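**Q** The opening residue of the sequence shown carries number 421 in the working numbering; numbering runs sequentially from there.
Just so you know, not all the hints are guaranteed correct.
Okay, the calculated beta carbon distance ranges per label pair [to be verified]:
| id | residue 1 | residue 2 | range |
| --- | --- | --- | --- |
| 1 | Glu863 | Leu804 | 38 to 44 Å |
| 2 | Arg582 | Arg490 | 43 to 49 Å |
| 3 | Gln767 | Gly525 | 56 to 62 Å |
| 4 | Arg779 | Ser740 | 56 to 62 Å |
Derived pair list, reagent style BS3-like, types lysine-lysine, alpha-carbon separation capped at 25 Å [as the list claims (entries may be wrong)]:
| id | residue 1 | residue 2 |
| --- | --- | --- |
| 5 | Lys684 | Lys736 |
| 6 | Lys738 | Lys724 |
| 7 | Lys657 | Lys539 |
| 8 | Lys820 | Lys864 |
| 9 | Lys736 | Lys751 |
| 10 | Lys657 | Lys667 |
| 11 | Lys864 | Lys834 |
| 12 | Lys699 | Lys724 |
| 13 | Lys699 | Lys684 |
| 14 | Lys873 | Lys817 |
| 15 | Lys834 | Lys820 |
| 16 | Lys817 | Lys864 |
| 17 | Lys803 | Lys817 |
| 18 | Lys724 | Lys736 |
None of these hints come from the bench; they were simulated from the model. All values reported here derive from a predicted model rather than from experimental measurement. Ideal placement from N, C-alpha and C gives every residue a C-beta, glycine not left out.
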Amino acid sequence: MMREPGHEVLDSLGGGVSHGLEIRVHGVPHGRPLPDLVEGALVAVCPESSVGADTRDLRVPVATYLYDQRIELSAFLDEHFISAGSQLRCFLTPLSGASRTPQWGQFLLRCMSSTTALKAVAILLFECRGVRADPDMPLSGNLMGFSSLDASSLVGSEPMSRSFLLDLRLLEAPGASTSLEIEARVWPRGSSGADGPKPVSTSAPAVALAAGTVGTVAPSEVQDFRLNHELSVQLSKEFNLRAAALKRAGEEIVTLRRQVQLLKNENRSLRAQVEDEEKLVQEVQQRPPPEGLEKLSAAELAGKLQRTLEKYREEKAKASELTRRMEDALKEVSRARGLERSLEELQQVHLEQNRELQRLQDEGRKLDTYRQTAKTQEKVISKLEKILESSLQEVQKAQKVQVDIERLKTENLKLRERCSSLLTRKKEAGDDEAQELRQRLAEKDAEIVRLQKVACC
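Can you make the complete structure from the sequences, with help from the hints?
**A** Laid out in structure tokens, this is it:
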């Protein structure tokens, strides 16, 4: 159900300075979804407002019409949405399902808008369900994001339409790249009634001028929305700068962590070396002193200790070298195992390729057999065609012989009739003429017998 004024009275509405505006709301494209799942999202179009400062307490007022009221629906709409000239209007879509890409199926919104307001038509996205919704006010959801539509380029001498992919500014995720796909159309003032909006049937998507779906926004909130838009843009820039700084700090932290890990490894190796030396000192201290050390002088003891330390360092270096070689050998073994696995995979692939090649070769041989069979069949078909042609010729020849036989039979019958007639006149005719007729009759019988033999062959 909708309430749409005729286009002939369009110039008299809105103080004579408004244009007809039609917006088809498609939805959030799949390529640029919302960051979180949204349940019960709706779009509000405010043709006479902009976005503002504090949006945490922003709600969409709703006027509810009950059918058991005494007032008629037309009077109710006039009272709430036409007589309320001091308040700005917004037009709502239906609620969508739970999705990161809510769709409204080209839901149609039609309204009046001034030339100045067409430069910045506010598009608001609300969430009316979920944990943040108010159960007492189901259509007064929290504002999630906003966008601005510039439809002033569509104002001309004729109605014009265009598709838009608007950037949604989300209040809780200003850095998210989310869009809203809509289609706008503007009927300028002074257009003919034929170009105006056509009435929409009840089976088509209802427009937003329906009962219970048209809200009003106080004029004081327009400036708040505009300030909030500017603040959100500034916060988005600051967020991007801080995000870049955090990224650089993260890279520096990763570098420092690597350096700390290297230093920890080096410190661990030095501690192990110190512990080994301390253990060696303790073992030396616990051992009984060898015999004869009391007789040695301090210089001899120092020299012997020096040689012992040198041998210890040499043995330790050899042990380190052996450890390094063992680690290298383990690495080589691991690499060899990896190469062995690669070799097995290559062998498996090679076997599969061989099987495929064998199958292709078998098919190739089958193709040769098929070609030879086709040639043989072509020869057989050619011979059969020749036999069929000869048989057809013989049939045609037999048909001709049959025609001759029938003709001769007819002549023979005529001659027999003539002979019988002549026999009746035997007394009158001479024996010579009768003999001649008998001879001719015998010749015809002989020819008939010959033709019958030819037909039988």
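**Q** Decide, hint by hint, whether the structure agrees.
**A** Right, here's what the structure says about each hint:
1. Between Glu863 and Leu804 the Cβ separation comes to about 43 Å, which falls inside the hinted range of 38 to 44 Å.
2. Under the hint 43 to 49 Å, the C-beta atoms of Arg582 and Arg490, about 45 Å apart, fit the expected range.
3. At about 57 Å, the CB distance of Gln767 to Gly525 agrees with the hint of 56 to 62 Å.
4. For Arg779 and Ser740, the hinted distance range of 56 to 62 Å is satisfied, since their beta carbons lie about 58 Å from each other.
5. Distance restraint check for Lys684 and Lys736: the Cα-Cα separation of roughly 22 Å lies within the 25 Å cut-off, and the hinted pair is therefore satisfied.
6. For the hint pairing Lys738 with Lys724, the CA-to-CA distance comes to about 21 Å; that is within 25 Å, so the pair holds.
7. With a CA separation close to 23 Å, the supplied pair Lys657 and Lys539 stays within the 25 Å bound.
8. Annotation: proposed proximity of Lys820 to Lys864 holds, straight-line Cα distance about 18 Å (limit 25 Å).
9. Proximity of Lys736 to Lys751 is assessed by CA-CA distance (about 22 Å); at most 25 Å being required, the pair is judged to hold.
10. Annotation: proposed proximity of Lys657 to Lys667 holds, straight-line Cα distance about 15 Å (limit 25 Å).
11. Using a Cα cut-off of 25 Å, the hinted pair Lys864 and Lys834 holds, with the two alpha carbons roughly 11 Å apart.
12. Between Lys699 and Lys724 the CA atoms are separated by roughly 20 Å; this keeps the pair inside 25 Å, and the hint holds.
13. For a cut-off of 25 Å, the pair hint linking Lys699 to Lys684 stands: about 22 Å separates their Cα positions.
14. As the CA atoms of Lys873 and Lys817 are separated by approximately 13 Å, the hinted pair is consistent with the 25 Å bound.
15. Of the supplied pair hints, the one linking Lys834 and Lys820 holds, its CA atoms being roughly 21 Å apart against a limit of 25 Å.
16. Proximity of Lys817 to Lys864 is assessed by CA-CA distance (about 21 Å); at most 25 Å being required, the pair is judged to hold.
17. Between Lys803 and Lys817 the alpha-carbon distance is near 21 Å, which keeps this suggested pair within the 25 Å criterion.
18. At most 25 Å may separate the alpha-carbon atoms for a hinted pair to count; Lys724 and Lys736 meet this at roughly 18 Å.
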